[in-house]
Amino acid sequence: MNITVTLLAQVVAFIILIWFVNKVLWKPLSSMLEKRSATIADGLAAAEKGKKEQELAEKKATQVISEAKQQAAEILSQSQKRGTEIVEEAKMQARKEADRIVAAANAEIEQEINRAKEHLRQEVANVALAGAGKILKKEIDAKAHAALVKDLAAQI
Amino acid sequence: MAGSENSSGGGTVQYIQHHLTNLCIGDCDPVTHQAAGFWALHLDTVIVSSLLALLIIVVSWSLGRKLQTGAPSGFQNFVEIIIEFVDKSVKDTFPGHNPLIAPLALTIFVWVWLMNFMDLIPVDLLPLLASYVGVQYLKVVPTTDLNTTLAMSLTVFGLIVFYSIKMKGLGGYIKMFLFHPFGKFFIPVNVVMTAIEELAKPLSLALRLFGNMFAGELVFLLIALLGGAATIGAGLLYILPLQVILDLAWLIFHILVISLQAFIFMVLTIVYLGMAHTTDH
Amino acid sequence: MGKTSRPAGVLLLGVGTILSSMTISGFLLGYVTDYFLDTMPLFLLGFGFLGLLGGTLKVYKLLTHPDFNKS
Chain A
0 MNITVTLLAQ
10 VVAFIILIWF
20 VNKVLWKPLS
30 SMLEKRSATI
40 ADGLAAAEKG
50 KKEQELAEKK
60 ATQVISEAKQ
70 QAAEILSQSQ
80 KRGTEIVEEA
90 KMQARKEADR
100 IVAAANAEIE
110 QEINRAKEHL
120 RQEVANVALA
130 GAGKILKKEI
140 DAKAHAALVK
150 DLAAQI
Chain B
0 MAGSENSSGG
10 GTVQYIQHHL
20 TNLCIGDCDP
30 VTHQAAGFWA
40 LHLDTVIVSS
50 LLALLIIVVS
60 WSLGRKLQTG
70 APSGFQNFVE
80 IIIEFVDKSV
90 KDTFPGHNPL
100 IAPLALTIFV
110 WVWLMNFMDL
120 IPVDLLPLLA
130 SYVGVQYLKV
140 VPTTDLNTTL
150 AMSLTVFGLI
160 VFYSIKMKGL
170 GGYIKMFLFH
180 PFGKFFIPVN
190 VVMTAIEELA
200 KPLSLALRLF
210 GNMFAGELVF
220 LLIALLGGAA
230 TIGAGLLYIL
240 PLQVILDLAW
250 LIFHILVISL
260 QAFIFMVLTI
270 VYLGMAHTTD
280 H
Chain C
0 MGKTSRPAGV
10 LLLGVGTILS
20 SMTISGFLLG
30 YVTDYFLDTM
40 PLFLLGFGFL
50 GLLGGTLKVY
60 KLLTHPDFNK
70 S
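Protein chains in written order, with numbering that gives the first Met the number 0: chain A, 0 to 155; chain B, 0 to 280; chain C, 0 to 70.
Don't read these hints as lab results, they were simulated from the structure. Computed from a predicted structure; not experimentally measured. For every residue, glycine included, the Cβ atom is placed at its ideal position computed from N, Cα and C. One or more of the hints may lead you astray.
Stated by the list, open to error - Partial chain B-side listing against chain C, Cβ under 8 angstroms, derived:
1) 92
2) 186
3) 190
4) 191
5) 194
6) 222
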């Protein structure tokens with residue numbers, strides 16, 4: 000075989016070429032590719048982020064709407080309740096008033112009846128006394144037996 | 000410089016021999032024009048490979064100055080495909096991380112491919128052109144010169160040794176020599192065996208590429224001879240189309256071969272360097 | 000051989016030249032040793048044989064244990 004100094008020349012050429020390719024081609028191109036993939040990844044991430052944010056906003060909007068609806072319903076129900084309450088209260092008051100009036104009337108009637116009864120009793124006592132006086136004309140002194148008559152009248 | 004045996008119309012053997020003779024300067028045999036000693040320079044090998052290297056450098060330099068970070072177009076896309084292919088090969092077969100491996104692999108792949116590609120240029124074209132300017136001998140394909148392939152594989156070998164020692168430590172490297180194939184009772188045999196094994200790596204790399212390219216070149220020469228013989232003989236009408244068909248077929252097949260050989264050289268380099276980086280072995 | 004791990008699978012690319020290149024490198028190493036020790040055919044033959052043996056062994060190893068190179 001003819002191994003000659005060509006070998007050394009080729010080794011030198013090879014090493015120089017490796018150095019050049021590394022410096023001129025590989026490093027700029029691989030860094031460029033890295034940059035590009037980074038850009039792509041960034042873009043994808045941004046898109047993903049935007050999507051997520053939109054989703055979040057939508058979710059929030061629906062939440063707000065539902066909250067508002069709920070609040071409105073609450074307010075409505077509360078006002079309804081308050082209305083019925085007021086009505087109920089008014090009814091109650093009216094009933095109470097009526098009761099009070101009835102009670103007062105009843106009390107008056109009772110009083111009237113009592114008074115009439117008292118009066119009647121007095122009358123009866125008087126009539127009885129008069130009757131008894133007429134019967135026992137001489138024997139019974141009205142003044143002497145006044146306490147007895149009064150007692151009798153109270154018993155009736 | 001020119002011998003008398005390379006005149007036109009010479010015999011078949013002479014034709015082939017002439018095509019396989021390097022343009023030698025320095026310590027050369029004046030008659031056969033072969034290298035006679037170590038101090039002979041194969042000028043054609045050096046010039047062609049250097050021109051191809053220069054081509055790589057110029058193209059990559061001009062490309063590197065106007066890189067587009069956005070969507071690449073045309074040639075940059077093509078280069079990116081090659082680079083990503085090389086990068087993928089490195090990532091698949093190389094354990095660990097070394098920033099030198101990928102550019103080394105890329106250099107090997109592209110340079111070897113380009114040098115192999117010189118094989119596809121019609122075998123008589125460049126020597127004929129050279130003979131017009133007074134250069135009598137020209138072997139166009141640098142990879143058919145064992146010096147080129149051996150130079151690359153020895154550089155790789157140097158890197159293998161360097162990284163083996165760097166990764167395993169000098170002690171680990173020596174230990175690999177002492178105990179590797181047969182355990183500790185065969186230390187002398189182990190040393191020789193491991194040395195042979197390590198030496199076989201660059202040798203197989205160089206010889207495979209050289210052998211394939213040399214054989215391919217030889218086939219091209221033989222096909223070319225067919226036409227050359229036909230000009231003398233009578234069967235020109237049959238042989239000339241046959242030659243064209245054969246040449247085309249071998250050309251197409253050879254595109255595959257040169258790509259495959261460049262790929263194999265690259266991948267085995269990566270694998271050998273990867274083996275140098277792993278501590279167990 | 001479809002299930003080989005990738006590095007070993009790639010190493011199979013070189014299986015064809017392992018035997019010859021190891022034999023050659025054995026002879027080469029033997030030649031150099033002989034050249035320096037002045038024992039001409041001794042180490043040439045011995046190392047050549049070792050190279051042949053090692054090559055055979057390595058090919059055998061590579062073909063029977065595809066993922067031996069797995070790290």
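- Looking back at the numbered hints, which does the structure fail to meet, lowest number first? 2, 3, 6
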